[in-house]
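Going down the list, the sequences are from chains A, B and C.
Residues in the first sequence are numbered consecutively from 1, following this note's numbering.
Residues in the second sequence are numbered consecutively from 142, following this note's numbering.
Residues in the third sequence are numbered consecutively from 283, following this note's numbering.
Quick caveat, the hints were computed from the structure, so don't treat them as lab data.
Note that this is a predicted model, so its numbers are computed, not measured.
Beta carbons: idealized from backbone N, C-alpha and C, even for Gly.
It is possible that some hints are incorrect.
[What the hints assert, rightly or not] So, partial list: chain A residues that the calculated Cβ filter (under 8 Å) puts toward chain C:
no., residue
1, 2
2, 36
3, 37
4, 52
5, 54
6, 57
7, 59
8, 62
9, 98
10, 104
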Amino acid sequence: MFTQSSEELSIKTNGNKLIKLTEKVLNFVDRSKISNGILNISILHTSASLIIQENADHDVQKDILNFYDKLVPMDENLYIHNTEGKDDIPAHIKSTLTNSNLTLSVKNKKLILGTWQGIYLFEHRTKSYIRKILLHILGEF
Amino acid sequence: MFTQSSEELSIKTNGNKLIKLTEKVLNFVDRSKISNGILNISILHTSASLIIQENADHDVQKDILNFYDKLVPMDENLYIHNTEGKDDIPAHIKSTLTNSNLTLSVKNKKLILGTWQGIYLFEHRTKSYIRKILLHILGEF
Amino acid sequence: MFTQSSEELSIKTNGNKLIKLTEKVLNFVDRSKISNGILNISILHTSASLIIQENADHDVQKDILNFYDKLVPMDENLYIHNTEGKDDIPAHIKSTLTNSNLTLSVKNKKLILGTWQGIYLFEHRTKSYIRKILLHILGEF
Numbered sequence: 001m002f003t004q005s006s007e008e009l010s011i012k013t014n015g016n017k018l019i020k021l022t023e024k025v026l027n028f029v030d031r032s033k034i035s036n037g038i039l040n041i042s043i044l045h046t047s048a049s050l051i052i053q054e055n056a057d058h059d060v061q062k063d064i065l066n067f068y069d070k071l072v073p074m075d076e077n078l079y080i081h082n083t084e085g086k087d088d089i090p091a092h093i094k095s096t097l098t099n100s101n102l103t104l105s106v107k108n109k110k111l112i113l114g115t116w117q118g119i120y121l122f123e124h125r126t127k128s129y130i131r132k133i134l135l136h137i138l139g140e141f
Numbered sequence: 142m143f144t145q146s147s148e149e150l151s152i153k154t155n156g157n158k159l160i161k162l163t164e165k166v167l168n169f170v171d172r173s174k175i176s177n178g179i180l181n182i183s184i185l186h187t188s189a190s191l192i193i194q195e196n197a198d199h200d201v202q203k204d205i206l207n208f209y210d211k212l213v214p215m216d217e218n219l220y221i222h223n224t225e226g227k228d229d230i231p232a233h234i235k236s237t238l239t240n241s242n243l244t245l246s247v248k249n250k251k252l253i254l255g256t257w258q259g260i261y262l263f264e265h266r267t268k269s270y271i272r273k274i275l276l277h278i279l280g281e282f
Numbered sequence: 283m284f285t286q287s288s289e290e291l292s293i294k295t296n297g298n299k300l301i302k303l304t305e306k307v308l309n310f311v312d313r314s315k316i317s318n319g320i321l322n323i324s325i326l327h328t329s330a331s332l333i334i335q336e337n338a339d340h341d342v343q344k345d346i347l348n349f350y351d352k353l354v355p356m357d358e359n360l361y362i363h364n365t366e367g368k369d370d371i372p373a374h375i376k377s378t379l380t381n382s383n384l385t386l387s388v389k390n391k392k393l394i395l396g397t398w399q400g401i402y403l404f405e406h407r408t409k410s411y412i413r414k415i416l417l418h419i420l421g422e423f
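Turn these sequences into a full structure, and let the hints guide you.
Here's what the structure looks like:
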């Protein structure tokens, strides 16, 4: 029988970092009791985003952060829109370069991720924010 | 009861710009009568793409356009493939940096978007085109 | 009647290239017997990714590869994490710039793709790998 359920996560961030969501997502899939289905993860903001990345070596995360900071510098002279701080436009641009949503599959009660894949919230702003993320699963018990 | 419906939008573009699709998407979700489900939006082209971005300050859009134009310059000397004009390869590359599809959730008859999130067609070519976008919703009445 | 099915592809890669998956995906959709539904394609790795791109002119692919190689150079001096070779961190970064999953729609037994759209595995590592890709369709017969 097909069914669906959803839940909103509220994640407190603390600066320009990657925050692992994998456990929270696995826990939601588990509680949904859905054995096979499709999971959509949508972030409800335009200055933070979602990525799937390596969950083993922490240096990979530092290199990803450094790369995006060099590609989209926090330099007010580069942008028109600066009313919300020098990290504002870079945050919006980095969001468009990554993802506002991720879709994953659930099979035999397991979320299908590769061995080294983790699900991350990518915070692009430098201050602390509460970020809302919708988890929505649709499938069969 | 689970059901689904789909519709193809035809959007006339007019140069390298962001074109807001939010109202058209909300209208489609409304007409589908689906209360809870998953919406897939796919663009059927490789030189235009889709993004979710800030819907309030128009300068954000200008900064996003400027950033992509600097990152992927319309300079024929940089690319092998130039038969369709200097904006052709940059358009394909910008498409790979953004999205060919977006997936969103519908809950209690509402498309789940953050307060500042708008859905945009990102036209990367400089001439006018008709862009086809498929809207497809699957869920329960 | 709603149903679903899934299958894991194993693709042998041979260096930093685009590998066309379109025929394998079409074949899976065909065998699923689903007439209308949503297809999710997830890659189970963090150093290879998925894109939809032009399937006609092979030079477009070369220009895309060149662009990403210039944007994220294989230069060990640029990154902290270098234990797995100079192509390792660039591979992770290129994955975050493209996609870990693609979602597409199936309508009247046809996968909805534009005339020029092909589905590609984007291998970012220089050696040969076996890449696992999950195909998952959910819809009605």
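Practice task
Taking the numbered hints from earlier one at a time, note which ones the structure violates and give those numbers from smallest to largest.
Solution key: Per hint list: zero violations.
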